[in-house]
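Asks: These protein sequence lines map, in sequence, to chains D and L. The numbering of the first sequence is the numbering used here, which starts it at 1 and goes up by one. The numbering of the second sequence is the numbering used here, which starts it at 1001 and goes up by one.
Hints are supplied without guarantee of correctness; some may be wrong.
Chain D stretches covered by chain L per the calculated footprint, using a threshold of three residues with CB under 8 Å from any CB of chain L [claimed, not checked]: (1) 41-48; (2) 107-115; (3) 150-161.
These aren't lab readings, by the way, just hints derived from the structure by calculation. None of these values were measured; they are calculated from a predicted model. The C-beta atom is built at its ideal place from N, Cα and C for all residues, glycine as well.
Chain residues, written in single-letter form:
Protein chains: 2
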Amino acid sequence: MSAIRHALSIKREDDFAQWYQEVISAADMAEESGVRGCMVIKPWGYGIWERMQRLLDDRIKQAGVQNAYFPLFIPLANFEREAAHVEGFAKEMAVVTHHRLIADGEGGLVPDPAAKLEEPLVVRPTSETIIGDAMSRWIQSWRDLPLKLNQWANVVRWEMRTRMFLRTSEFLWQEGHTAHATAEEAKVETMRALEMYRAFAEEDVALPVIAGEKPENERFPGARETWSIEAMMQDGKALQAGTSHYLGTNFAEAANIRYQDREGGQELCHTVSWGMSTRMVGGLIMTHGDDDGLRVPPALAPFQVVILPMLRDKPEDAALLEYCEALRASLAGQSALGEPLRVLLDTRPGKAAAKRWDWVRKGAPVIIEVGGRDMENGVVSLLRRDALWDINTGKPAFENPTCEAAAQTVPTILAGMQSGLFTEARDRREANIIRDITDMAGLSEYYGEDQHRPGWVEVQWSKPSGEGLEAVISQLKALKLTFRNVPMNTPPADGSCIFTGKPAVERIYVARAY
Amino acid sequence: MSAIRHALSIKREDDFAQWYQEVISAADMAEESGVRGCMVIKPWGYGIWERMQRLLDDRIKQAGVQNAYFPLFIPLANFEREAAHVEGFAKEMAVVTHHRLIADGEGGLVPDPAAKLEEPLVVRPTSETIIGDAMSRWIQSWRDLPLKLNQWANVVRWEMRTRMFLRTSEFLWQEGHTAHATAEEAKVETMRALEMYRAFAEEDVALPVIAGEKPENERFPGARETWSIEAMMQDGKALQAGTSHYLGTNFAEAANIRYQDREGGQELCHTVSWGMSTRMVGGLIMTHGDDDGLRVPPALAPFQVVILPMLRDKPEDAALLEYCEALRASLAGQSALGEPLRVLLDTRPGKAAAKRWDWVRKGAPVIIEVGGRDMENGVVSLLRRDALWDINTGKPAFENPTCEAAAQTVPTILAGMQSGLFTEARDRREANIIRDITDMAGLSEYYGEDQHRPGWVEVQWSKPSGEGLEAVISQLKALKLTFRNVPMNTPPADGSCIFTGKPAVERIYVARAY
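Using the sequences provided together with the hints, build the complete structure.
Replies: Right, dumping it as structure tokens:
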């Protein structure tokens, strides 16, 4: 049995962080831009993000939310107002102070001192305050409620330590902002958005997540409740992959978002915000990547099937191309996962084997190679990205269906791969959640320095707040742990608090996290 | 015969500029944001832009162009490099100089002097230079060519006088950037993009355009050739609605975009860029709007059919809603213009008549009202936005087809409206292009101060350059005219230059313009 050679130089188990960088580079997804903290999202990475946008946007529209677009620049006054209302207000933001460049007399350019803005503008880090301004203009009466808006946009948060897709100064996201007449309606929307993210993550990204509420210290500044979906990466760390915030009337008060109720009284609105970002692409990589590169869930693959004709720069190429084009057309006429198949016939110059490994590293779900002999026999050589290697021979596990059989079975293969990737990730997560640790000694041992344990621990706790909570957090910090969330639909607590020894009131996940 | 009352307070013929503002407000498309030069694009306006994005993006992808995303911030050095290469370099740009806010001690916030950037960053006004940097990394050999990229993004150009959709400091657009081995291939791409814009404008926006080359003085700074599509607004002014630039090797030299050819030599790439922006939404308004508000071409309408049940807050409402929901489902099962119908059942509170006029002003192509009596008779009351008034009675021209007939005929109505709007605009344009003016006296008389002539004039000219061209431009400026373009597929010149009297070499459009 020959050894399997993997398509990357670094294996996950050897150095997960390095492996992550190598996948991004080898799958041609993104690269550093040379601009501090900003990345270039290359076509394959951006194509995956576009698929995420399309599928999540469909869900957003189905919920009756309307897309709109608000200014990139936010006046300083909005942040002053917010700072007065919000503790923990983040200040690392890009500030525009001038609106013109002039020559410096030495061949360079400088901001023109004569074009200094009277009031600096901030590049939006999030849009609660500017959308709040619009809501205060647009909402007059109960008839205008609920108002449900969403924006797809770039935002900027000045980050000192960046990591592609996971933390960059500029990133892409959607931010939903809704206003409601009552706390009850706002909470229903908070949970609707959370459930939308859960379904999107699990059904479209094949990313098993745990939906639950963040504890007090992890709330979005100014929020009354923060809910999240949390996913376990292959190194056992947690990634927060989407959040939904019930903001109470805090932001409504700051932006003066009021409505006249049916009795003529003036009431504050209850607002909600929810967001998902390009961070999700990082989550996809760290969940589905393997030692050969990325594996893209078929629902998100820009191309689900790549056909590689083995061209030889000879007259026979014409017939081979015709054969491949017929296969492409036949596949493109099929549907999988509710949409027409996305098929690429890759005729770029280069050896078919080299191109095969390009597509393996990019994680195209199905690669179909066609050589002259295949054509003579009416067959193709089909490779599934989720079953790349023949474990007996150690070679790529090509199947050789007839052309017709390939066209017919690909939709089934893709549907199976979509659910298979999900199941694989869910089983891995379930195997790495520990539920039987009941004291700090156990927790400390599990995450001890000499351990590289990949898991999350579900603990029971008494949910202290204020100083009590701070004491708990410093206990966690010593182990480099953070709270993730209090999962929904979990049995009630029945033990003692792992931190305080008091009777527990709920179960909560702790983990190391991105 | 009763008088027709229009849904707007201002008529096009009375004050076109004011009418334009009123349509934007009455159709709920956009509003001033309070942030200098930036607008808020409201859901109906943004929905139209999303439809434009979807339809143009399909055309972009069909051409083998790949979407990607590049940083919002561009280092000053890129502009210094560009300034050295490009005359007419625009300097009105937003400059980021700090990355943190701190309290000023008086309850306000100021940029933190300790967080001043070593090198200021410019908010992208266009991305040639930053994408050029990426191209120089990504292109090594002839095998990497052509490289065809596109970006959907926000850009910022500090504008002193702004006008919603037509000229705002921040706007949304797509910018295509391609690199090629030869001038010939680059020119083919330049023309492909131009033809793509023509087809998109005419088929999707129902906007008749004239595709042609801009004269020297109207070229994009640094370009060798600039081509445009130009549309005539209802006031006779021209709107440049899309451009495609052949950049030669200018930008390749500045960014060092080189490739190794088949013989091993190092060659500069020839680059191309092309763009279309939210300006197109302004063009749509000024072309298809009427004295009742906007008329949205069905291909771009976020909702093509709006169903308004005449609810009375009574028990009978339930049956009426059921009847309307069945109609909605039946319509949503149909296709028009190659896509499933987009249908809204509008059950918001409010009187049906008031809601009808909302949708008239927004320009929904078909409005279907259903009252209790309609239901009893198995009919609906259908209003076409392109045939709103019964010219005999002066009342809204409701038709009363059966429910089944309505569902069957709506696709035909929409297809007819799409081509009808185009034909109407094209006929108006053709009636307002003057081709028989052969001297400056005639031009001067046509555009004289006491005239409000809505037309363009096609003149013949000798195409001078340098000082000769400047003299011509000042002649035009005196009449507030600009060159638009030299149309493709026009008979060769056969007369004398209107400006110089020399033998003419080509025909060119002059017009007042946005």
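Asks: Now tell me, hint by hint, if it's right for this structure.
Replies: Quick rundown of the hints versus the structure:
| no. | hint | in the structure |
| --- | --- | --- |
| 1 | 41-48 | holds (count 5) |
| 2 | 107-115 | holds (count 6) |
| 3 | 150-161 | holds (count 4) |
The structure shown violates none of the earlier numbered hints.
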